[in-house]
Amino acid sequence: MMTILIALAALGCLTLVLAILLIAANKKLHVTEDPRIDTVEAMLPSVNCGACGYPGCRQFAEALVAGKALPGKCSVSTDETRAAIARFLGVALGAEEKRVARLACAGGTNVARNRARYHGVKSCQAASLVSGGGKACFWGCLGYGDCEVVCGFDAITMNAFALPVVDIDKCTACGDCVEVCPKDLFSLHHVSHRLWVNCKNLEQGEAVLEECQVACTACGKCAMDAADNLITMVNNLPVVNYSKNHHTRIPIQRCPTGAIVWLDDQLGAIKGTESKKIVRKGQRRAGIT
Amino acid sequence: MKTESLWYIFINASLINNFVLAYFLGICPFLGVSGKKEIAMKMGGAVTFVMLIASMCAYGLNALLIAIDAPFLQLISFIVVIASAVQLVEMFIKKMSPALFRALGIFLPLITTNCAILGLALFQTNLGYGFIEGIIYALGAGVGFTLALLLMAGLRERLDFADTPSVAKGTVLTLFIAGILSLSFMGFSGLGG
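Chains as they are written, first to last, in the working numbering: chain A, 1 to 289; chain B, 1001 to 1193.
Excised from the complex, chain B in its bound form (with noise of 0.2 Å):
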């Protein structure tokens, strides 16, 4: 076990090791709905509380497959745990908060089993971090997640009314500027140590 504060696990995941720029996960979302400033804010907010699920649910199936000496089957029964939660919680926001499901819910299939999701599932179990510890974590991810995608969002929203060489137009230039904000997001690298 690591003794980590949990300040720095959560600026750890959100900023020096971002998901997104640092880790290059969760790149569909970021590249799909990064187009308006709203939206991202919405997905972002998808994003945090899939990640927070798919810690808690990490963190009991792990404990679960040590004791019957299988951690071999974390990638697999990660994916179907993760996947089945989300759609469970979805059915639940539809059935008590149809306000939250239509700013949500849309997103939630889109990213029941996304890379970012599976990522810091195993990422957690590998670091070793329990329950509380797993919670800053995906919080933290989360945060980074909405981050970058606020980011790009802005950026893009500017793009729009910019000059820019018509080969250059689309997702050529979405690449173009994530690789900037990920050369930036570099300069986090020394935070922490």
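Okay, chain A solo, but in the shape it has when bound (with noise of 0.2 Å):
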């Protein structure tokens, strides 16, 4: 009894004086920082979602109220909110074009073959540990939707055909799919981009065609007759080069499997007239038709 009586009064006593210790060091030490960083704090998302290049939303206040970065650098908040936070900082704007994630596959079950059958944990983390995962093509989405599940901002569906859909409204390009994809096969990119190559693919020669129909097979159409080097071919892919001006269609009408689109806002992803057109609703069966 004796023991218990000791051991709370001694924690007790230890307890209270460490209170008191701490709170007058509180009282006396306190270090007065800007307030406008709190204020700043409030209006940012709070998500910490690291897109604008700092740790989290706090150093990035920080970094705004001392002038080192512009709101603009925020990708998550609003229009009127990075406005109202450059007015009551009284500095620029700094208006960075939106980006976003962007995926380089079509390959959906309609188009794209299996080699094997996955039976395992439904990631594709998991799925591509197993010599590649069960697609044929070996470069191309597993679908099993790791990235949808990453995502923080609900930004990224899975079709019917298991490949991912990025909402444009929603993302913030915080990255976190790009990271997540085994495949490596998201990319962060500006909206403005809207010529797109959309696969990975890195064979030659029309046997792709029998992995994937959407599959680039590095004919090098697109290259040879693209204005101003706008693409060339690096690694059996077309690479467009965005510093130049890559507002032209020209390429996808070029394209005969449709691995290049132009991705429109409304109408998504629009294929060139020539290229083949897959009307396939199922799934594509495995093996050799």
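Keep in mind the hints are simulated off the structure, nothing from the lab.
Predicted, not measured: the structure shown is a model, and the values here were computed from it.
Built from N, CA and C at the ideal position, the CB exists for glycine as well.
Check each hint, because a few of them may be wrong.
Stated by the list, open to error - Here are the in silico distance ranges between beta carbons for each label pair:
#	chain 1	residue 1	chain 2	residue 2	range
1	B	E1157	A	V121	26 to 34 Å
2	B	S1184	A	E179	30 to 38 Å
3	B	F1131	A	L21	18 to 26 Å
4	B	V1172	A	E97	34 to 42 Å
5	B	R1102	A	A9	25 to 33 Å
6	B	Y1008	A	Q125	47 to 55 Å
7	A	F153	B	I1066	51 to 59 Å
8	A	S192	B	R1102	37 to 45 Å
Claimed, not checked - Computed list of lysine to any residue pairs in SDA-like fashion (alpha-carbon distance at most 25 Å, straight line):
#	chain 1	residue 1	chain 2	residue 2
9	A	K28	A	M43
10	A	K68	B	F1101
11	A	K68	A	T32
12	B	K1094	A	A63
13	B	K1169	A	E148
14	A	K28	B	D1160
15	A	K183	B	D1160
To be verified - Simulated coverage check for chain A against chain B, where a stretch passes if three residues somewhere in it have a Cβ under 8 Å from a Cβ of chain B:
#	stretch
16	3–11
17	18–26
Work from the hints to combine the two standalone chains into their complex.
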């Protein structure tokens, strides 16, 4: 009994002394920070996504108040919030063009073949560990939706053909999906980059089409007649040089498989009129047909 | 009371019984902030600093607990006192030296009741170290921690450019290296006898 009392008294005294010390220190040693930091932080979305390049919203707010960053860097806030912060701090908005995550694969279940059936944890990360997943195309989207799960803004949904679709309005370009995709299919792009290579297959030749009907066969037609070297072939894939004038739809007309598309806000990915039409609504069968 | 030379205590804590690589304490910051050498250095500095504070607190507190005949309160009171002491010092630094706070500040809350810190306080008490010996022990442990962190950061910086199989990338590889580092530190085990 005595021991319990001693223990209680000792700990009670200890915590009391420490509490008083800490309270006193908090009063005495209080550092007056710029109160604007708190205000700005409250205006920020406090999701700490890191898309602005700072570790969290607090650090971004500090940088904003210190004048090291401009409100436009925050891609999560709405336009009104960004403008409000800019007004509050009396700085320029520093509007950055909106960036979104884009998937470089069109191989849904209706066009791409599987070479094996994967039974296991329904996760792309897990599936890719088993010799790269069940898809015939080694580079293609596995379709288990790790990106849909990781997206904190509900911007990614899986469509009927097990391909992720990015909601441009909701996407904040935080880069979570870029990191999680084991096939590195996502990348962040400005919304004005409409000419888009929708494939990552590095193989060359018609045989690729056995695996996926919308794959790039590396025929090089798009690159050959692209003005001003807009498109170059690198590792059997066309690469669009976005620093050049890329507002042209000619390359999509040159693509026989529709691997190069024009991304339209309303209509989605538009293929060239010459490319093969894909009408299959069901799953493409496995094996050689 | 053991009669060990201070130099032996220092070597013992930093190399032979390295907190990270021999005792496996403080693995969390070891894996977490060993990505870059500069940050590892700062973290090491912060840990050494907190260890010194913890050592002094533990010494005083232990004397107090023996006086009131309640050594069983060691664990809980160590945690409370070390955490508060670090908090106090953090406030103090923030007020007095903003530059130092910016260098160490963000790490301090991370390590206040880290197992390496608490382990140090408990080891030191169990080994029956006095005040000076305790400080040397803390210094040695801090230097050892910094060394382990720096070695790790150096290796990881190199490995960023190495072609590693994708299965082993990230935490897995870090744990591999930690194991190998730990093995190599076993070589010191004969040093002090």
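Cross-check of the supplied hints:
1. Remark: the range hint 26 to 34 Å for E1157(B) to V121(A) is upheld by a beta-carbon distance near 33 Å.
2. Checking the proposed 30 to 38 Å range against S1184(B) and E179(A) shows it holds: the Cβ atoms sit about 32 Å from each other.
3. A C-beta distance of roughly 21 Å is found between F1131(B) and L21(A), which places it inside the suggested range of 18 to 26 Å.
4. Taking 34 to 42 Å as the suggested C-beta distance range, the pair V1172(B) and E97(A) conforms, at roughly 38 Å.
5. A hinted range of 25 to 33 Å is violated for the C-beta pair R1102(B) and A9(A), which are about 41 Å apart.
6. For Y1008(B) paired with Q125(A), a C-beta distance near 49 Å keeps the hint of 47 to 55 Å intact.
7. Between F153(A) and I1066(B) the beta carbons are some 57 Å apart, a value that agrees with the proposed interval 51 to 59 Å.
8. Range check, S192(A) to R1102(B): Cβ separation about 39 Å, and the 37 to 45 Å hint holds.
9. Distance restraint check for K28(A) and M43(A): the Cα-Cα separation of roughly 29 Å exceeds the 25 Å cut-off, and the hinted pair is therefore not satisfied.
10. Taken as a hint, the K68(A) and F1101(B) pair is honoured in the structure, with Cα atoms around 20 Å apart against an allowance of 25 Å.
11. Between the alpha carbons of K68(A) and T32(A) the distance comes to roughly 20 Å, so the proposed pair stays at or under 25 Å and holds.
12. Taking the CA atoms of K1094(B) and A63(A), the gap is about 19 Å. The hint holds against a cut of 25 Å.
13. Restraint check for K1169(B) and E148(A): the C-alpha separation of about 23 Å stays at or below 25 Å, so the hint holds.
14. This hinted pair does not check out: K28(A) and D1160(B) have alpha carbons roughly 46 Å apart, beyond 25 Å.
15. A threshold of 25 Å between alpha carbons decides the hint, and for K183(A) with D1160(B) the separation of about 19 Å falls inside it, so the pair holds.
16. Counting residues of the stretch 3–11 of chain A whose CB falls under 8 Å from any CB of chain B gives 5; the rule of at least 3 is met.
17. Counting residues of the stretch 18–26 of chain A whose beta carbon lies closer than 8 Å to any beta carbon of chain B gives 5, which reaches the threshold of three, so the coverage claim holds.
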